[in-house]
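Work out the full structure: start from the sequences and follow the hints.
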Amino acid sequence: MTPLQHYLVLSGALFSVGAWGVLARRSIIMVVMCLELMFNAVNIALVAFSNYANAGAGRGEVFVFFVLAIAAAEVAVGLAIGIAMYRLREKLDVDELDEMRG
Amino acid sequence: MTPDFAQSYVYVVALAIVGVGFVFATLGISRLLQLRHPYAEKLSPYECGVEPLIGDSWSPFSVRYYIYALLFVIFDVEAVFVYPWALIFRSLGKTGFAEMMIFIAVLLFGLLYAWAKGALEWQ
Amino acid sequence: MHFSTPIFYLVSALVIIPAVLMVAMRNLIYSAIAMIACFIGVAAVFVTLNAELLAASQLLIYVGAISILILFAIMLTRRRSGAICLFFHRQSWAALPAGAALAVVLGIVLGSARFSAGSAPKNPSTANLASLLFNQYAFPFELASLVLLVAIVGAVLLAMRERRS
Numbered sequence: 180m181t182p183l184q185h186y187l188v189l190s191g192a193l194f195s196v197g198a199w200g201v202l203a204r205r206s207i208i209m210v211v212m213c214l215e216l217m218f219n220a221v222n223i224a225l226v227a228f229s230n231y232a233n234a235g236a237g238r239g240e241v242f243v244f245f246v247l248a249i250a251a252a253e254v255a256v257g258l259a260i261g262i263a264m265y266r267l268r269e270k271l272d273v274d275e276l277d278e279m280r281g
Numbered sequence: 026m027t028p029d030f031a032q033s034y035v036y037v038v039a040l041a042i043v044g045v046g047f048v049f050a051t052l053g054i055s056r057l058l059q060l061r062h063p064y065a066e067k068l069s070p071y072e073c074g075v076e077p078l079i080g081d082s083w084s085p086f087s088v089r090y091y092i093y094a095l096l097f098v099i100f101d102v103e104a105v106f107v108y109p110w111a112l113i114f115r116s117l118g119k120t121g122f123a124e125m126m127i128f129i130a131v132l133l134f135g136l137l138y139a140w141a142k143g144a145l146e147w148q
Numbered sequence: 005m006h007f008s009t010p011i012f013y014l015v016s017a018l019v020i021i022p023a024v025l026m027v028a029m030r031n032l033i034y035s036a037i038a039m040i041a042c043f044i045g046v047a048a049v050f051v052t053l054n055a056e057l058l059a060a061s062q063l064l065i066y067v068g069a070i071s072i073l074i075l076f077a078i079m080l081t082r083r084r085s086g087a088i089c090l091f092f093h094r095q096s097w098a099a100l101p102a103g104a105a106l107a108v109v110l111g112i113v114l115g116s117a118r119f120s121a122g123s124a125p126k127n128p129s130t131a132n133l134a135s136l137l138f139n140q141y142a143f144p145f146e147l148a149s150l151v152l153l154v155a156i157v158g159a160v161l162l163a164m165r166e167r168r169s
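Residue numbers (the working numbering), protein chains in the order written: chain A, 180 to 281; chain B, 26 to 148; chain C, 5 to 169.
Hints are not guaranteed to be accurate.
Claimed, not checked - Taking CB as the label site, the calculated pair distances span:
{"no.": "1", "chain 1": "B", "residue 1": "G118", "chain 2": "C", "residue 2": "V113", "range": "38 to 48 Å"}
{"no.": "2", "chain 1": "B", "residue 1": "F134", "chain 2": "C", "residue 2": "R165", "range": "16 to 26 Å"}
{"no.": "3", "chain 1": "B", "residue 1": "S55", "chain 2": "C", "residue 2": "L14", "range": "43 to 53 Å"}
{"no.": "4", "chain 1": "C", "residue 1": "Q95", "chain 2": "B", "residue 2": "W140", "range": "40 to 50 Å"}
{"no.": "5", "chain 1": "A", "residue 1": "I260", "chain 2": "B", "residue 2": "W140", "range": "16 to 26 Å"}
{"no.": "6", "chain 1": "C", "residue 1": "V157", "chain 2": "B", "residue 2": "W147", "range": "15 to 25 Å"}
{"no.": "7", "chain 1": "B", "residue 1": "Q59", "chain 2": "C", "residue 2": "I112", "range": "50 to 60 Å"}
{"no.": "8", "chain 1": "A", "residue 1": "E275", "chain 2": "C", "residue 2": "V108", "range": "31 to 41 Å"}
{"no.": "9", "chain 1": "B", "residue 1": "I54", "chain 2": "C", "residue 2": "A121", "range": "43 to 53 Å"}
{"no.": "10", "chain 1": "B", "residue 1": "Y108", "chain 2": "C", "residue 2": "V109", "range": "31 to 41 Å"}
{"no.": "11", "chain 1": "C", "residue 1": "W97", "chain 2": "B", "residue 2": "L136", "range": "43 to 53 Å"}
{"no.": "12", "chain 1": "C", "residue 1": "L150", "chain 2": "B", "residue 2": "I54", "range": "28 to 38 Å"}
Said to hold, decoys possible - Okay, the calculated bits of chain C under chain B, using three or more residues with CB under 8 Å as the criterion:
{"no.": "13", "region": "61-70"}
{"no.": "14", "region": "75-82"}
{"no.": "15", "region": "106-116"}
{"no.": "16", "region": "148-156"}
Treat the hints as calculated values from the structure; they're not laboratory data. Note that this is a predicted model, so its numbers are computed, not measured. Note that the Cβ used here is the ideal one computed from N, Cα and C, for glycine as well.
Next comes the structure, spelled out in structure tokens:
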């Protein structure tokens with residue numbers, strides 16, 4: 180049988196790939212997509228803990244429903260910011276968003 | 026999980042392999058069997074027997090498509106919450122009914138807002 | 005019957021390989037397709053964890069809805085020659101070591117941690133999940149609807165904003 184640690188390491192690996200993408204890519208759409216990868220990594224960890232735990236099975240799965248709702252809201256607003264940015268400046272580069280720098 | 030239930034995933038995997046394989050097999054076989062004698066007339070774009078409009082295939086794309094997709098995502102999330110609710114609807118009684126009606130009513134406000142902003146109009 | 009470890013490694017490859025391809029590929033459209041493959045892999049991971057309802061929800065929300073939204077956003081922000089292909093920026097050389105270091109630390113910590121866990125995943129019934137969701141977590145459930153309402157309002161306002169002339 181697959182031990183719990185295997186799922187946690189898979190989750191950690193997916194989270195790291197997502198973090199690499201968020202740090203490395205310039206396009207705001209790509210940053211949002213990599214954030215989704217990190218959400219998915221967290222979901223894997225939550226479901227693994229939920230169904231391997233000795234007590235209170237299913238609690239983590241309920242949390243995943245809320246994570247799905249938050250992820251949908253985050254994608255909708257994040258991509259709308261990207262579209263507004265493109266319509267105002269014809270650019271998607273997150274490095275350009277530095278007018279608020281003091 | 027009963028053995029029958031786990032075994033049914035064998036069919037899911039088989040169907041996925043057949044589905045993906047069908048695409049590559051048909052494209053590959055037609056590539057192997059086809060004859061290729063291209064000339065200018067044959068290579069020109071064909072659109073229902075008329076000359077296609079000249080221009081970019083990346084034509085202007087209205088932001089309204091995005092608004093529709095956005096509303097679809099939000100109501101898809103709502104549907105995911107409704108499935109488990111429908112399963113235990115009887116045992117939840119009146120409070121469960123009220124919970125879901127409040128949830129749907131709040132999301133309905135969002136739809137009404139998008140409607141009032143004119144996001145659903147198609148000029 | 006439980007899913008065995010070789011199946012777990014197969015399913016993990018279905019998650020990690022598309023994820024790495026997604027970050028490494030230049031074209032945003034290809035990245036989005038790799039992301040969809042990764043989401044399908046995560047749904048398969050949920051199946052091996054006996055979470056069928058979540059696997060179905062994952063397919064419905066991520067594969068069916070969120071990826072469509074992302075593809076529309078890529079189409080809306082195109083240039084004449086096709087999708088915008090911004091790749092790496094000034095600090096990108098540091099991103100790969102940073103991600104790798106995070107992976108090593110998470111791997112060591114999670115691989116060596118000991119939890120009071122069973123040896124195989126349990127199978128909580130959908131009815132059990134539903135009663136948790138609608139009795140104990142009823143208030144967060146209603147708050148989720150408010151978050152979604154704010155998301156609709158914010159996204160409609162931002163997307164409908166006209167170009168400054």
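Taking the hints in turn, this is what the structure says about them:
Distance hint check for G118/B and V113/C: the Cβ-Cβ separation is about 45 Å, which falls inside the suggested range of 38 to 48 Å. Between F134/B and R165/C the beta carbons are some 21 Å apart, a value that agrees with the proposed interval 16 to 26 Å. The supplied range of 43 to 53 Å is broken by S55/B and L14/C, whose beta-carbon atoms lie about 31 Å from each other. Remark: the range hint 40 to 50 Å for Q95/C to W140/B is upheld by a beta-carbon distance near 43 Å.
As the Cβ distance of I260/A to W140/B is approximately 23 Å, the hint placing it in 16 to 26 Å holds. Taking the beta carbon of each, V157/C and W147/B are about 21 Å apart, inside 15 to 25 Å as hinted. In this structure the supplied range 50 to 60 Å holds for Q59/B paired with I112/C, their Cβ-Cβ distance being about 55 Å. Take E275/A and V108/C: their Cβ atoms lie about 33 Å apart, and the range 31 to 41 Å holds.
Between I54/B and A121/C the beta carbon distance is about 50 Å. The supplied range of 43 to 53 Å therefore holds. Taking the beta carbon of each, Y108/B and V109/C are about 38 Å apart, inside 31 to 41 Å as hinted. For W97/C and L136/B, the hinted distance range of 43 to 53 Å is satisfied, since their beta carbons lie about 46 Å from each other. Range check, L150/C to I54/B: about 54 Å between beta-carbon atoms, so the 28 to 38 Å window is missed.
Against chain B, the region 61-70 of chain C contributes 6 residues with a C-beta closer than 8 Å to a partner C-beta. That satisfies the three-residue criterion, and the hint holds. As drawn, the region 75-82 of chain C meets chain B at 5 residues by the rule of a beta-carbon pair under 8 Å; at three or more, the given contact holds. Taking a C-beta to C-beta cut-off of 8 Å, the region 106-116 of chain C contributes 0 residues in contact with chain B, too few for the three needed, and the coverage statement is violated. Under a criterion of three residues with beta carbons nearer than 8 Å to beta carbons of chain B, the stated coverage of the region 148-156 of chain C is upheld, 7 such residues being counted.
The structure fails to meet hints 3, 12, 15 from the earlier list, while all remaining hints are met.
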